[in-house]
Amino acid sequence: MNCITALQFYIDKMLGDTPGMKVLLLDAETTPIISMVATQSHLLQKETYLVDRIENNSRDKMRHLKCVCFLRPTADSIEKLIQELRDPCYGDYYLYFSNRIKKTAIERLAEMDEHEVVREVQEYYADFYAINPDCFSINLDPETMPLYGDSFNNWDSTSFARTADGLIGLLLSLKKKPLIRYQKQSAMAKRLAAEVQFQIQQEGQLFDFRKSDTAPILLILDRRNDPVTPLLSQWTYQAMVHELIGIRNGRVDLSNVPGIKPELKEIVLSCDQDSYFQKNMFLNLGDLGANIKSYVDEYQTKTKSNMNIESIADMKRFVEDYPEFRKLSGNVSKHVTLVGELSRLVDQGNVLEVSELEQSLACTDSHNNDLKNLQRLISSTKVSDASKLRLVQLYALRYEKFQGNAVASLIDLLYKNGLSEREIASLDTLMQYGGASQRQDDLFSNESILSRGRSALKGLKGVENVYTQHQPQLGQILEQLFKMRLKETSYPFVEGAAPPTAMRDRPQDVIVFMVGGATFEEARYIAMLNAASPGSRIILGGTTVHNSQSFMQELVRTQRTLPSHGSEMGRGRRAAGGVQL
Amino acid sequence: MATSAAAKSRHLHGQSAPSPQQQQQQHQQHHKQASQPSQQARPVTISRRQFGPPPEARPSSALAVSSPSNSDGRPTPPPKSPQSRPMSTAGGANGMNGSPAPSVACPICNISLRNLAQLNLHLDTIHPEEPDDVKTAVSTFFRNAQKVLNPITRSATTTLKNIPANSSELLRKIQDLDLDSAGPGNSLAGPPPPGGFQGWTDPRADAVVTKRHWVRESDRDVCYQPNCDKGLGIRYGRQHCRSCGNVFCEMHSSFQIKLNAQAKHDANGLWCRVCETCFVQAKKADDSLHAGGVSRSLTTDFMSIRAKSAEKKHLEVNRLEKRIEKLAQIHQQYGTGVSSSPIPSSPTGSFTSVSSGTGSVRAKGLLRSVTSKSQQLKVAEQAIVKWEDDSSVPGCYICLSIFNRYGNRKHHCRLCGRVICDNCSKSTPLYLNMVSFDRRRPNAVLKYYGSLIRLKKRIDSALPRFQEMLTTLGQKSDMNQAHPDYQLAARTRKELLDDFALFDAISKKIVKLPAHSQHQKQLHTNLYWWATQYLQTNMFPLSVIPKVFGKDTKAQGPGSLSSSPSLSTSSPRLDSAQENEAAIESLAQLAVLEEQRRLVESYIEEASRKRRFDDVKSLTMSLEELESEIAAVRSGQR
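Line order of the protein sequences matches chains B and P. Per UniProt numbering, residue 1 is the first one in the first sequence, and the count goes up by one each step. Per UniProt numbering, residue 1 is the first one in the second sequence, and the count goes up by one each step.
One chain only, chain B, in its complex shape (with noise of 0.2 Å):
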């Protein structure tokens, strides 16, 4: 249960098992998706001298090589792959596709083969975007991809197609034939689950594998149960990057960052090839400083040593550490530059002071005071207006329910502080997508006396951090789903699907994906949850990675799309009002 692993086996597999000097060549999806997990180096061990893309018509004819081409099997790639069997730039041709090709394309491309190039035609199903060993995207791009189609309840049929696929990749390069259980509330994960179940049965034969003691579960939630979570400001690395600077395909772009180098404009984030990134990646800033200092500190010394060279096994060592050593100084700079940035956008956003106020909001049942927080942070300039919206947004989604809140108010105090009706109108937005009457579970654990209580008593214990202290969603269902107590009626088995023993074994391995969207909050989550408990393993993945800037673009550029936004627009500020219910 690893899903870089499993990339890997592939990529290995088929560059491996063609020797030689080799080009390989790459469409717009499976760049990303082999980038992510694969070094450079690590290609030319495996004599891979040129990775190029199929899209590229300026290729040069170059007959001596072997052509290694692992695309997805879309129209466009499909396209472009007959006119280069029309007119072969290479000797070989060996065809990888990253999922199930239809018949018909196969009978297209072996016909237009004239040349007969093709040597190998193979599925490896590396249709997933490994982002940790635990957890994967569908990568959905918001410009090319939108995930909704004509409201929050219905899937685009394209962006259905390539998550349905990507699911199915997984399953297939992890080998597991899972039970499926869904979100009963979501029209989505419905469609999705049963979806995922038709397809696993169309496809006996490759899912045709060995038993395990229990079989897997592949636990389809939807984002909309719990809308808080990618709203929330992080504190450890991974999510912290996200959240502030953005990471895309194990990425981040630092040219925004004054005075950068130009060598760490755009810096690698992969906890695969970056061992000091895979220790500290869950750790928080603070423990990260104290880290970094040691990181730096050990870098020194190094360096000292390195300049005092006396004797000739001195010189010898130093030629040989060099090489290390330039990776490792490469790497410090990296870290120390990344983690400068982030306490810098940390104290210019007043994000400290802004995050307490919204784990409070969050976790813990003081109205009162959170409210005359919320307005002395509204009027302060010192916060930046967008996370100003965040918390109202927080706010409304928490008090929805509570007699008397203040959302009115607060609006208006937005409106005076000088926020766009364009951007309080997303207010409105987000409690169509998750307001209470969205979501199937108690989020706040405030609709019953008992979850009252439970959270009351959550309250006693203290917390370790403030800034952390709120726990996903995600979490309950888990704990739930491992204790059996998951109930069956808000998270059925797909029908069908789930022989009545199955039921009654405790889930080892656990699949869970998330519609509309994972967090890196909830990563953390499930890596914490996986090294805690050897009894049971646990992978999340989401149609994408939202930090809260992303999520709430999402939402809003969907709203504008919808058939019924016309109508929407004009009410914009008395629907925000209407919250207050």
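Certain hints may be false.
To be verified - Straight-line C-alpha distance at most 35 Å; calculated DSBU-like pairs for lysine-lysine:
id	chain 1	residue 1	chain 2	residue 2
1	P	K322	B	K61
2	B	K265	P	K610
3	P	K322	B	K327
4	B	K327	P	K617
5	B	K302	P	K508
6	P	K521	B	K61
7	B	K46	P	K322
To be verified - Between beta-carbon pairs, the in silico distance windows are:
id	chain 1	residue 1	chain 2	residue 2	range
8	B	I260	P	K617	24 to 30 Å
9	P	E468	B	T104	53 to 59 Å
10	B	G289	P	E624	56 to 62 Å
11	P	D266	B	D17	32 to 38 Å
12	P	K284	B	G289	49 to 55 Å
13	B	D287	P	S608	24 to 30 Å
Bear in mind the hints are in silico, worked out from the structure with no lab data behind them. Backbone N, C-alpha and C fix where the C-beta goes; we use that ideal spot for every residue, glycine too.
Fit chain P to the known structure of chain B by using the hints.
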């Protein structure tokens, strides 16, 4: 006999009250064991006193009354008064756990638990707030219990009189019961409790999974888990890992996997309690079975489809090829060798156009000659393919332009015989010997690369051998440089160094190859980069080796810079027989040093490009030292 019967009935004890007859049996057993004290006596024997309560007073009936009436829907754990304590399962079920404490059965799932506290915990964790379920579960429990009890009591009454004689039959009956309970429809075992209970063992498993490998228990057992030294007993529990058979405390045996009758991990087996080690092992084995993703090869499909469509085309192409061959022959025959390639158009290009059926070929040069020879040629050509009648064709069939006498002339395609216009026809050269169709020309990069790979293979096989030699050399204390092993090692090292040098040279040649385009350049650079990486990872360990060789010399001089001459002065110190060897040695030394110097130079270049001046400084220092070292070695050689 009695002991084995007790063992067989253990499971039964776990589920329901023992029949009087069984009590008696156990009582007998007690006596037996009392007479011959053994280690096993303690856990299995049960004192008579424990069987005190009459059947009516059994907690089961008490429960039946109290549970459904419970307001919060939870089954009340049986009261703790000694009279009504649930004796039903006594030591039997727990005997295997080695705990003498009486145990209780959960009224919902029938699982046997050690004591009331555990039952309470069990009820809390496994059967939380399910009011409806509990009622039905409890009532079915009693119905089932009744059913089960009846045959037992019946058989008990019948066999009670002649136990010694009939004990074998009883045994069979108990076995039957056991088997029944293992059957799916039997209600005795009840539905298996939800697996949420950590370390839960399927009640059926005790009868099926072998226990032969279990370690014997003693009074002073401690948990087998490394780093856990809890004494086993009532406080921490005592559990056998069903897979490895060692004893563990409650906590460290709280994992479950499925085992078969041989206590081996098997997905079709029964859930059993195991220790962490066994669990992790089983998971690993599971993973290795599931390692590596699925793939599906479509190559054969592809090939068969391609073969089908290619066949058609091949027929056509073959026919045309035959014709072109014949054409070439004719032209050779008529001695028009020169005219066979009249126009320098690209041969492959026009050839493809023929095969794809969109273009046409004609030998234009031939049309110019008006001799009788050409007339004969024309006839011969027409014999290959019948020419279309000119007069019936109004226009070119490719571009549809209308022919006229002057502007748009008619031509015949020599291969298909159809009439086409001047624009659409192309002259193609005829290769009279038909050999130069080879598409692949040998390529310089390919050649170099081939030798690189060959070298790499040689190095890769020699390197481990060499390392092995080194370790054996290092172990021998009486090693001197005249020793054959030493000589062999030195030779190998020399060869390796030569190979490395050659490898390096070839990779440099590749990067210097002329590149026609960006891509080619990229290819060459990447190849060079790969070669450098390979050298960096493999050659440096090699350069350490002289230290081992020169151990005796090194011992004299201090390990500082001043010791560097010792490497060179070592040669005069050697006797004449080893002089030659030493010369080779220093040559190799030199090669290593040179290599290092080159590397350092490249580092300096890179560092200064990246403006890392600290690095440059230290690098320059080491470069200077390297140079002086090289000079020293050189002088030593001379």
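Under the constraints set out in the numbered hints, which ones does this structure not fulfil?
3, 7, 10, 12 and 13
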